[in-house]
Amino acid sequence: MTTIGILQILLFFAAILLVTKPAGAFMTVVFDGRRTWLHPVLRPLETAVYKLSGVREDVGQKWNQYAGALLSFSFFSFLILYILQRVQGVLPFNPQGFTAAQVPPDLAFNTAASFMTNTNWQAYSGESTLSYLVQAAGLAVQNFASAAAGIAVALAVIRGFALRQTKTIGNFWVDLTRCTIYVLLPASLVAALWLCSQGVIQNWKPYQPVTTVEGAKQVIPQGPVASQEAIKELGTNGGGFFNANSSHPYENPTPATTYVEVFLIFLIPAGLTYTFGQMVGDTRQGWAIFAAMSVLFLAGVFAAYSAEQRGNPILAQLGVQQSPSASQPGGNMEGKEVRFGIAQSALFAIVTTDASCGAVNSMHDSYTPIGGLVPIFNILTNEVIFGGVGAGLYGMLLFAILAVFIAGLMVGRTPEYIGKKIEPKEVKMAMLALIGTAALVLLLSAAASVSHFEKGSYFNPPGPTTANRTNSGPHGLSEILYAYASGTGNNGSAFAGLNANTPWYNLTIGLATLGGRFLIIIPLLAAAGSLAAKRKVPESAGTFPTHGPLFVTLITGTVVIVGALTFFPVLCLGPVVEQFLMNQLRVF
Amino acid sequence: MPVSTVSTPQTEDLTSLLPGRRGQARPLFDPQILGRAAAEAVRKLNPLTLAKNPVIFVVEAGAAFTTCLLLRGAASGGSGLGFTVQVTLWLWFTVLFANFAEAMAEARGKAQAESLRKTKSDAVAKKLIGGRVELVASSQLRKGDIALVEACDIIPGDGDVIEGIATVDESVITGESAPVIRESGGDRSAVTGGTRVLSDWIRIRITSNPGETFLDRMIALVEGAQRQKTPNEIALNILIAGLTLIFLLAVVSLVPFAQYTVGDIHTGTVPGVTVLVALLVCLIPTTIGGLLSAIGIAGMDRVMQHNVLAMSGRAVEAAGDVNTLLLDKTGTITMGNRQAVEFIPAGSASEWELADAAQLSSLADETPEGRSVVVLAKEKYQLRGRSLSEHDATFVPFSAYTRMSGVDLDGRRLRKGASDSIAAFVMDQGGTVPADFSGISERISRSGGTPLAVADRASVLGFIHLKDIVKGGMKERIGQLRAMGIRSVMITGDNPLTAAAIAAEAGVDDFLAQATPKDKLEYIRREQAEGRLVAMTGDGTNDAPALAQADVGLAMNTGTMAAKEAGNMVDLDSNPTKLIEVVAIGKQLLITRGALTTFSIANDVAKYFAIIPAMFMTTFPVLAKLNIMGLATPQSAVLAAVIFNALIIIVLVPLALRGVRYRPSTAASLLRRNLLLYGVGGLIVPFPGIWMIDRLLVLLGLV
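Protein chains in written order, with this note's numbering: chain L, 1 to 588; chain B, 1 to 703.
Bound conformation, chain L alone (with noise of 0.2 Å):
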């Protein structure tokens, strides 16, 4: 590692240290309903939709409601997607004359599931299959609401902690509208129209053709990419405009943007740890849960890092520098763009799968084996390490529970959190949230491992499923792994090396988030329902202390023994064999 890497990750972490607390505060007040220094402008928006919609701004939601609502509400927006996709042909601002036939069924389906589950998993390359309405109105719109709706279920998560003896938390279609209105619209625009000066394209034209410097003929794309990239990155969504996402010049030209981009990513969910601290009355409660986020983050991007700047053995072989020098960076370049480095790759696609994002500047399945490892098991820890809005932290809240279920027994006492009690209701709930998405990702990689098609066959070319992979033996087994963890952590990115946009995919993928998104979501929900109708049991000397150091440790330490103890096995025969091998020089 060089130092200036080292300095490149820490500042970005010192600008999100800063950030948290303003960010957290911000949202507080919004979600609370209090005036913000906004609200001259955007509160008589907010009304009118509810005056549209028939909201009563003021009656809260049972839990069942509520997840009633959130389902609606995304099932809705599933279906629009869907329509648009298919209809494109017929619809304006299409000036590349896209059809239906780029979006086959299954490809609308997947696509639709993905953006609506704040997924953006891509089996499709915008620029060759989506027309310009549809990116906007369809893709960026989902980017927005699938973004408000993991927020919404976090504020739920939160009052169910925060309220006491109450049955509603919350209204659902209140929190949606705060969210976009006050958070999501502002600072997109603003981003947006940053990232636009510093040369991301928006602009309805038509694709361009150019004579390269060579003397080559080329065509290229154009698009409102601006418009959809700052919510690309701030609502975790991380669909690009175009097939290249962020590793794309017009959608993130220099090395400022990327910073930019990463620290969108990270913007709310780290804000929220503050607001969750601020709402349930003790922002050390949010600052423990910020610390445990932190302490996975560090560790995972210098783990990444190093294995980059590291290299590979086989290459030092050959004789390739491997050692950064003025002139060159060493390390393992490949699928990385020159203009970023390795550290701002390996920051990237750290906070980008920390984050359920899946945004990426440079190509995960280049990563050496145990750059490759960090990624996929931050994804499989259901990506709590601050996470997608929303999503990483009431995903971090549910192993809180069962952290404090666990452990929270040694001191003698039924366990607590934030003064609840942890009683059965709320273990199945965070248990049945853990089965569900560990049985999505491994009985569908399985079955992607070893399944076989006949000729003729709807779903895929005949002959095995692995004839997608682009790689064998371990690397090959990672790259399907990382398709449906990717999937089900509703995360998105690709490791790419699969040809994924095959009906068996398509639709297996799809599955997966939504399984990985309402499968966590409703017991949550039901979970969050239970405890506010708890009474809150007062702090004494008795109670398990969750803000301190040892909480910390405790919780880090329950994410990463869950995580490893359910994925151990399939992550040794991946990328823990593939890196032994690479030391014996062999490769896949």
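Treat the hints as calculated values from the structure; they're not laboratory data. Each residue gets a CB set at the ideal place from its N, CA and C atoms; glycine is no exception. Any given hint might turn out to be false.
[Stated by the list, open to error] Facing chain B, from chain L, some residues (calculated, C-beta under 10 Å): (1) 435; (2) 544; (3) 567; (4) 588.
[Unchecked claim] In silico EDC-like links for lysine to aspartate or glutamate, alpha-carbon gap of 20 Å or less: (5) B:229 / L:423; (6) B:143 / B:160; (7) L:167 / L:58; (8) B:467 / B:442; (9) B:118 / B:216; (10) L:167 / B:530; (11) B:471 / B:581; (12) L:536 / B:530; (13) B:143 / B:216.
[Stated by the list, open to error] Some chain L residues well away from chain B (every beta-carbon gap over 10 Å; in silico): (14) 125; (15) 281; (16) 504.
Dock chain B against the given chain L, drawing on the hints supplied.
Leaving out everything else, chain B in the frame of chain L:
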């Protein structure tokens, strides 16, 4: 080397929250119990019984599966079955060990139930029907019947004395051989079926039907027949069942992953079913799964060993959760009785005069307070006890009406009693009350004492300062409770002044003075409304509503039936201080569960390092790098992990039955200590454990 002598505590060890086991306790490994538990362990192999315990059920299913494989292999004359045989055997042992742990805990209770049952003879009852005695079997008595019990009769059922007074031997229930007095009216009217009247006679009204008596309930409880899972146990069961499912997924999905890998690399073989079953059994939390119910039963048993009868496991658990303890002042915080500590003359009387009069008026007073006056007079004023037989003495006993007692002696009329009663007495005799009378009285009250005024005819002589003596070590104990986050509240009938002084001396957090049963009830409701759990003790019928309202209500066995019905625990020793011990036992129970769960899960890490490299050694020899324990062969590694997994259950049985060591301290320090011990310990211990078993297997040539 200097030998430091530690002063031994007096009769009751108040400095430790968990006193050593009592006389009733049986040794942990009684051969008879061991034998019975071993037999029971085999009987529990019945899958229908085992289905209640999902973790162990999965182990049994796995064992049955490998047994089938083995039989099929043997039938087809397969060779090299030694490994499968051993794994299968150890899987069955795992199930048996888990069953054994549970059976051990149950057997201890059953042994106790049996000894209780022996005492429950079907006595003949003298049923009273319209004044006529009819002999019936006691099992025919119903609620509301009236029975006559005379000397040497067994009391035929639970009841209330409605007439008479008798001494009763209750050793069957309490283990205490000294007889107790039972009489009609008041708080000592309850009698328990199965106990024996030693002298005199009583008439009782039966209060419970046969099969529902206290003794029946007690037998059912210690036997564990009515054992219901507590909420906490249910939650833990969900957790370990969930983990079992996750590990099942991990192992099942490993088959296709292995097929993929072997197919791609073209070397090695897919791990066999035996190894996969071994991996699964090692990963699922068998340790806690096998010990969970034993911990619960043993917790109830531990309460029983302290001579407390808990009506449900839920009550014991709630005791661990308690936030507020309501402690009765008398008998719990202070010695049962007050002692004279000072004579304070009033008016013109001299100290000696006062002491003399106080002694004379107390000579016939057999109450502890009265005796303490005589003792003080002797110690401080060298006034020997005098015989009053040669004098013309008439004793005036204490009565609730006059609130005075004393003696008429040679024309003197000596009285002692409450300030206002004495003042009234003196004025009645034509005297006046000295100017400093009320000042002294108030000063004594404020210091936590009780002023007892002494008068001779029309003149007030002064006061006896009676003081409540706070039990030795009580302050430390209250301090420990505070460290555990438990508020202690003193309940007393005293006036607020006296109460405040004693509260300060004992170090309690709050007090409730001049408390009526209604005040108690309201205090409990208020605490509960703020989310706190409350524990209290009580014995009288008027305590019943509060006992019922409290989360933990410890009724005294000497108390009324109503109180015993209302509470969820009965202290057979009738020692209210026991409440603190019950809280400690409740906490110990929860800590034991948490500790073994953490230990069980932490163990998995080492087992992965043993088994995963062994499984794929043929495909990826390079995975030997993960074999950090340096286990000899893949087979020895798998076998060592399985054996460790089985043996750890047996090793931890004593810990499960006895409970982990518990020292009262703050939650933070408890957590730090236990997390280090059982969490980090659980991560580390299996590594040397598995390594040693592996060495042994190689030495014995078993692999």
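Now for the hints, and whether the structure bears them out:
no.	hint	in the structure
1	435	holds, 5 Å
2	544	holds, 5 Å
3	567	holds, 7 Å
4	588	holds, 8 Å
5	B:229 / L:423	holds, 13 Å
6	B:143 / B:160	holds, 11 Å
7	L:167 / L:58	holds, 14 Å
8	B:467 / B:442	holds, 14 Å
9	B:118 / B:216	holds, 12 Å
10	L:167 / B:530	holds, 18 Å
11	B:471 / B:581	holds, 16 Å
12	L:536 / B:530	holds, 8 Å
13	B:143 / B:216	holds, 15 Å
14	125	holds, 28 Å
15	281	holds, 14 Å
16	504	holds, 15 Å
Consistency with the previously given hints is maintained throughout, with no hint failing.
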